[in-house]
Amino acid sequence: MPSSQYPKLPHWMALPETKEDLDYAQLPVVDLDEATTASGRAKLSKLVVDALVQCGSFYVVNHGYSSAQMDRMHDIANIPFEQLSMEQKQDYTTDSRRRASKSLADGYKFRQYYEIEEELHDEMETYSLHCQSDRTEHPEPLKPFLPEICQFARHNHFDIAYPLLRLLEIGLQMPENALISIHDFSLDAESQVAFLKYYPCEGTDKQGSKNWWLVGETRRDTFSLIYSQPVAAFQILQRDGKWRWVKHVNNAIIVNVGEALEIFTGGFFKATKHRVTRPPADQRSSPRLGIFYFLVANNDVKMAPLKGNLLLKNGGIGRRFTSGSEPTMLQYRYGIGVHVHRTSILGNDVTETVDARGDNLI
Numbered sequence: 001m002p003s004s005q006y007p008k009l010p011h012w013m014a015l016p017e018t019k020e021d022l023d024y025a026q027l028p029v030v031d032l033d034e035a036t037t038a039s040g041r042a043k044l045s046k047l048v049v050d051a052l053v054q055c056g057s058f059y060v061v062n063h064g065y066s067s068a069q070m071d072r073m074h075d076i077a078n079i080p081f082e083q084l085s086m087e088q089k090q091d092y093t094t095d096s097r098r099r100a101s102k103s104l105a106d107g108y109k110f111r112q113y114y115e116i117e118e119e120l121h122d123e124m125e126t127y128s129l130h131c132q133s134d135r136t137e138h139p140e141p142l143k144p145f146l147p148e149i150c151q152f153a154r155h156n157h158f159d160i161a162y163p164l165l166r167l168l169e170i171g172l173q174m175p176e177n178a179l180i181s182i183h184d185f186s187l188d189a190e191s192q193v194a195f196l197k198y199y200p201c202e203g204t205d206k207q208g209s210k211n212w213w214l215v216g217e218t219r220r221d222t223f224s225l226i227y228s229q230p231v232a233a234f235q236i237l238q239r240d241g242k243w244r245w246v247k248h249v250n251n252a253i254i255v256n257v258g259e260a261l262e263i264f265t266g267g268f269f270k271a272t273k274h275r276v277t278r279p280p281a282d283q284r285s286s287p288r289l290g291i292f293y294f295l296v297a298n299n300d301v302k303m304a305p306l307k308g309n310l311l312l313k314n315g316g317i318g319r320r321f322t323s324g325s326e327p328t329m330l331q332y333r334y335g336i337g338v339h340v341h342r343t344s345i346l347g348n349d350v351t352e353t354v355d356a357r358g359d360n361l362i
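Quick note on the UniProt record's numbering: the sequence shown kicks off at 1 and runs consecutively.
It should be emphasised that the hints constitute simulated quantities derived from the structure, not laboratory data. Virtual Cβ for every residue (Gly too), placed ideally from N, Cα, C. Honestly, I wouldn't trust all of these hints.
Said to hold, decoys possible - Label-pair ranges, simulated between beta-carbon atoms:
(1) 240 <-> 29: 29 to 35 Å
(2) 281 <-> 135: 41 to 47 Å
(3) 37 <-> 239: 27 to 33 Å
(4) 181 <-> 20: 44 to 50 Å
(5) 43 <-> 176: 16 to 22 Å
(6) 281 <-> 50: 33 to 39 Å
Could you put the whole structure together from the sequences, leaning on the hints where they help?
Structure (structure tokens):
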């Protein structure tokens with residue numbers, strides 16, 4: 001559809017890149033254009049496996065959306081934050097929807113939802129939509145743009161996530177569709193598009209003195225597709241134990257390993273610990289707008305290792321949970337009042353409660 005047929009909306013003006021000299025992570029680049037042939041997939045499968053083992057992250061380029069299309073998506077991403085009053089937003093919070101049993105993660109989380117430490121809270125606001133965005137109601141200003149959001153979700157799922165899962169299947173010598181088959185684009189899975197806006201820290205000296213906006217964490221999904229944007233704030237913990245900045249690459253996606261992929265691969269891949277820091281001084285006074293796609297396995301999938309030849313060749317498969325007592329993906333991601341049994345790294349059987357608040361957003 002030509003862009004002239006889309007509804008008009010205010011344009012989000014991104015900041016220029018920082019001029020500060022930062023310690024950037026050296027991440028591999030995966031060109032999805034090369035995944036269209038068997039020889040290209042063979043080459044990329046090794047690149048992806050090596051990247052996730054060594055770095056836990058990589059860039060994706062030529063993912064199918066142009067820079068102009070992503071500019072448009074950022075314009076749309078800003079709507080939930082700028083076109084509704086706080087009072088209007090109250091009917092669309094994730095907490096209110098959980099109470100009404102409409103959905104688990106759709107809607108708003110407001111600023112200061114997460115406590116970073118005592119008397120210090122986050123300064124981010126998020127709006128999340130299930131991959132099938134029509135499963136619940138959305139604010140009126142967003143409704144004209146739902147077809148574009150749905151198209152964006154489908155593109156992320158089928159044209160980006162599935163090719164990446166295919167590369168992992170090849171690289172790990174797994175049976176065909178071993179990973180793809182447990183990641184449906186349906187109401188029985190919780191993959192989602194998320195829009196996020198970080199605001200400059202204001203108020204107490206304690207807030208202003210902190211160097212991070214969100215403490216280091218891992219996510220419980222399979223992997224995160226993080227659309228690169230120019231405000232430097234995103235850092236990953238690398239294998240050498242050092243935090244490094246992730247450099248902005250125009251119209252690229254940053255892929256991060258989640259806890260589910262670590263579990264499915266028996267610990268062969270490690271979930272990427274990441275955090276959000278205060279931007280450099282030349283970007284610190286402006287908001288940071290982000291777009292994400294979180295790939296989540298089907299709700300009924302057991303959190304247990306999948307079999308793959310390469311995994312067996314590399315020292316066997318580790319388990320986070322005792323065989324036969326694994327939670328489902330839904331239970332693991334949201335808690336939902338369940339206690340899960342697992343085997344500790346010391347070999348002891350322990351019981352733990354999964355945090356019912358679920359994942360933070362990046």
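Verification of the supplied hints:
1. For the pair residue 240 and residue 29, the supplied restraint of 29 to 35 Å is violated, since their beta-carbon distance comes to about 20 Å.
2. A beta carbon spacing of about 43 Å between residue 281 and residue 135 agrees with the range 41 to 47 Å that was offered as a hint.
3. Distance hint check for residue 37 and residue 239: the Cβ-Cβ separation is about 31 Å, which falls inside the suggested range of 27 to 33 Å.
4. Between residue 181 and residue 20, the C-beta spacing of about 45 Å keeps the proposed range 44 to 50 Å intact.
5. A hinted range of 16 to 22 Å for the beta carbons of residue 43 and residue 176 is consistent with their spacing of about 18 Å.
6. One distance hint, 33 to 39 Å for the beta-carbon pair residue 281 and residue 50, holds here, with the actual separation near 36 Å.
The earlier numbered hint that this structure contradicts is number 1, and it is the only one.
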